[in-house]
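Q: Same order as they appear, the protein sequences are chains U and X. The opening residue of the first sequence carries number 268 in my numbering; numbering runs sequentially from there. The opening residue of the second sequence carries number 19 in my numbering; numbering runs sequentially from there.
If you're looking for bench data, these hints aren't it; they were derived computationally from the structure. On a predicted model such as this, the values are computed, not experimentally measured, just so you know. Using N, Cα and C, we set each Cβ at its ideal position, and we do this for glycine too. Wrong hints could be hidden among the right ones.
Among chain X residues calculated to face chain U with C-beta under 10 Å, some are [unchecked claim]:
#, residue
1, Thr151
2, Glu152
3, Leu159
4, Trp167
5, Trp169
6, Ser171
7, Pro211
8, Gly213
Capping the alpha-carbon separation at 25 Å, the derived lysine-lysine pairs in PhoX-like fashion look like this [said to hold, decoys possible]:
#, chain 1, residue 1, chain 2, residue 2
9, X, Lys206, X, Lys163
10, U, Lys606, U, Lys587
11, X, Lys111, U, Lys370
12, X, Lys170, U, Lys511
13, U, Lys435, X, Lys206
14, X, Lys111, U, Lys431
15, X, Lys111, X, Lys206
16, U, Lys595, U, Lys470
17, X, Lys163, U, Lys428
In silico contact screen, one side only, chain X against chain U (beta carbon under 7 Å); selected entries [what the hints assert, rightly or not]:
#, residue
18, Pro70
19, Thr72
20, Ala75
21, Gly153
22, Ala154
23, Thr156
24, Asp160
25, Pro161
26, Lys170
27, Val258
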Amino acid sequence: MFSATTGLMSMTALLFLLISCTVSEGPVWQYTFEQPSHFSPATYTFENNPVTREGFELGRMLFYDPVLSADSTVSCSTCHKQVTGFADPTHKINHGINNRLGKRNSPGLANMAFKTSFFYDGGVSHLDFVPINAITSEVEMGSTLDEVVQRLNNNSVYRSKFRKAFGKDAVDSQQMLHALAQFTVMLVSANSKYDKVIRGEDKFSSLEEEGYTLFQSKCSACHTSPMFTDGSFRNNGLDDTFIKDPGREVVTGLDSDRGKFSVPSLRNVELTLPYMHDGRLRTLEDVLNHYTSSVKGSPTLDPLLENETSRGIAMTHDEKQKIIAFLKTLTDTQFINEKRFADPF
Amino acid sequence: MKNIISVFMYALVFVLVISCSEDDNKEFGSLELEFDNVVGEADLELNTSDEPYTNEAGETYAITSLRYYISNIKLKRNDGTVYEDEMSADGSKGYYLIDEAEGETQHIELEGIPAGDYTEITFTIGVDANQVTEGAQTGPLDPAKGMFWSWKSGYVFVAVEGTSSSSSDDDNIILYHVGGYDTPNNIKTKTLPMGSAAAQVRGDKTPEVHVIADVNKFFASPHEISFEELPVRHMPADNVTIAENYVNAFVVDHVHN
């Protein structure tokens with residue numbers, strides 16, 4: 268009896284090992300959030316919404332499903348495409364149901380777990396609340412939370428998936444927002460060439476190295492590593508009146524915030540065109556040219572872009588090319604190819 | 019084996035004895051809290067065909083919707099001890115959305131209150147900052163309730179909407195959505211005496227505390243509000259005056275024992 272049991276156990280163990288060997292080609296994808304060692308600690312409230320396989324996969328479905336929009340034509344992925352770092356290179360500004368257009372550019376999505384404010388004006392202070400804007404915006408999904416939740420409750424596939432993920436009988440907006448956050452919080456981009464260089468796994472080319480040095484003296488005061496943003500709101504001189512879009516002033520009501528927009532992360536910046544809050548600039552050259560020659564003055568213009576004699580940032584053509592070579596090292600090909608982030612339908 | 023059983027039995031007896039001795043002295047009851055919305059002497063009526071109400075500035079108006087959050091309810095007993103309504107971190111307990119259009123929301127049943135005579139009630143008009151910084155909430159704080167701002171994360175504490183022929187808005191709308199938990203902070207806490215009769219909570223007696231909120235006072239004192247000036251207000255800074263007014267609109271009208 269004794270030996271029979273042991274024998275059975277050994278057989279099972281052997282079988283398990285054999286199976287493990289056959290399937291383990293490369294690291295197994297974990298449905299848990301992994302903190303990159305060279306990043307500051309994540310700010311997301313995981314204690315209220317721990318990532319699970321069921322929750323993540325449900326969030327992924329919701330992200331790619333037009334069920335969230337009023338006429339079922341627009342999903343999150345309509346404007347946030349994985350192949351371009353979850354940005355939208357085909358539109359300057361946000362667009363939605365019935366071909367409506369908004370006024371802000373769709374930014375790339377990455378490393379939201381580390382952010383404390385969202386959107387160009389920083390009006391949203393928690394990742395959970397981010398989808399509410401897109402769902403309820405008349406120029407995006409044009410729906411209401413009530414309507415979407417009702418739709419999910421009427422869908423037996425979703426109802427069952429929500430039950431498995433959250434263990435509740437009915438879907439509410441909290442569960443929907445938590446599922447979406449479980450997907451988006453996992454969109455961590457920390458494997459670009461830059462990251463590999465920082466971790467000592469790779470080396471910059473001499474052009475990239477020179478670009479990195481220039482970047483540190485000309486750009487990193489605002490685009491601070493490792494997120495390549497300092498999380499602040501600044502007026503970078505795109506306009507002198509900001510009548511069309513006053514930026515952060517809309518949220519704070521303060522004149523001193525007029526024309527200020529969040530400093531975007533530069534991760535995957537090569538792919539996340541077009542640039543600026545209204546998508547007015549098409550290429551990285553255009554962006555650097557703006558900083559050298561088109562910065563407009565106004566009372567809230569960032570002090571870093573103005574001194575007594577001139578405006579903007581001085582860069583030669585050659586320096587710009589080097590900086591762009593460095594910026595391209597922030598492209599994370601593993602991130603844009605990760606199958607777990609792709610369309611599940 | 020025998021030893022384990024006897025130790026277990028002793029422990030069981032011990033637990034039972036302690037439970038009994040605690041229960042002997044404690045009796046618990048319930049209290050019903052009613053939020054009744056009025057305008058001056060009249061009961062608030064929504065969606066009237068005319069403008070039956072008049073503010074301090076002499077402007078007539080009608081109300082189409084009134085909703086507000088009450089939370090952090092505390093009851094003080096005549097011996098100084100305080101009962102605190104249970105609050106849950108996910109918003110499912112301790113937060114109440116009073117909606118004039120839904121009568122049942124105006125009755126709050128508080129349970130598990132130690133028996134005694136309660137002389138004072140304290141509550142918050144609004145929602146704590148934590149309920150925003152901790153992410154999506156459920157129950158009365160579910161953002162789908164329509165009291166959550168998408169443009170600036172946070173709850174609308176008090177939403178009063180209506181019409182006034184004095185309003186400078188094109189459609190004569192008056193709309194005050196009061197929120198803001200940082201700068202400015204419009205969260206208000208109100209402590210009210212029960213009045214001449216304490217609320218007597220007993221195991222077999224559930225007192226009813228009748229709170230009234232007078233909408234006219236939202237626009238009266240200390241800041242007289244005219245519907246001509248900024249009749250539609252969303253910004254927390256624009257609503258500081260309304261918040262400082264409505265904190266004075268709540269009184270305990272009477273207690274049924």
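Q: If a hint holds in the structure, say so; if it doesn't, say that too.
A: Hints, one by one, checked against the model:
no.: 1; hint: Thr151; result: 7 Å, holds
no.: 2; hint: Glu152; result: 6 Å, holds
no.: 3; hint: Leu159; result: 9 Å, holds
no.: 4; hint: Trp167; result: 8 Å, holds
no.: 5; hint: Trp169; result: 5 Å, holds
no.: 6; hint: Ser171; result: 4 Å, holds
no.: 7; hint: Pro211; result: 37 Å, violated
no.: 8; hint: Gly213; result: 39 Å, violated
no.: 9; hint: X:Lys206 x X:Lys163; result: 21 Å, holds
no.: 10; hint: U:Lys606 x U:Lys587; result: 34 Å, violated
no.: 11; hint: X:Lys111 x U:Lys370; result: 39 Å, violated
no.: 12; hint: X:Lys170 x U:Lys511; result: 19 Å, holds
no.: 13; hint: U:Lys435 x X:Lys206; result: 34 Å, violated
no.: 14; hint: X:Lys111 x U:Lys431; result: 24 Å, holds
no.: 15; hint: X:Lys111 x X:Lys206; result: 19 Å, holds
no.: 16; hint: U:Lys595 x U:Lys470; result: 14 Å, holds
no.: 17; hint: X:Lys163 x U:Lys428; result: 23 Å, holds
no.: 18; hint: Pro70; result: 31 Å, violated
no.: 19; hint: Thr72; result: 31 Å, violated
no.: 20; hint: Ala75; result: 24 Å, violated
no.: 21; hint: Gly153; result: 4 Å, holds
no.: 22; hint: Ala154; result: 4 Å, holds
no.: 23; hint: Thr156; result: 4 Å, holds
no.: 24; hint: Asp160; result: 5 Å, holds
no.: 25; hint: Pro161; result: 5 Å, holds
no.: 26; hint: Lys170; result: 5 Å, holds
no.: 27; hint: Val258; result: 11 Å, violated
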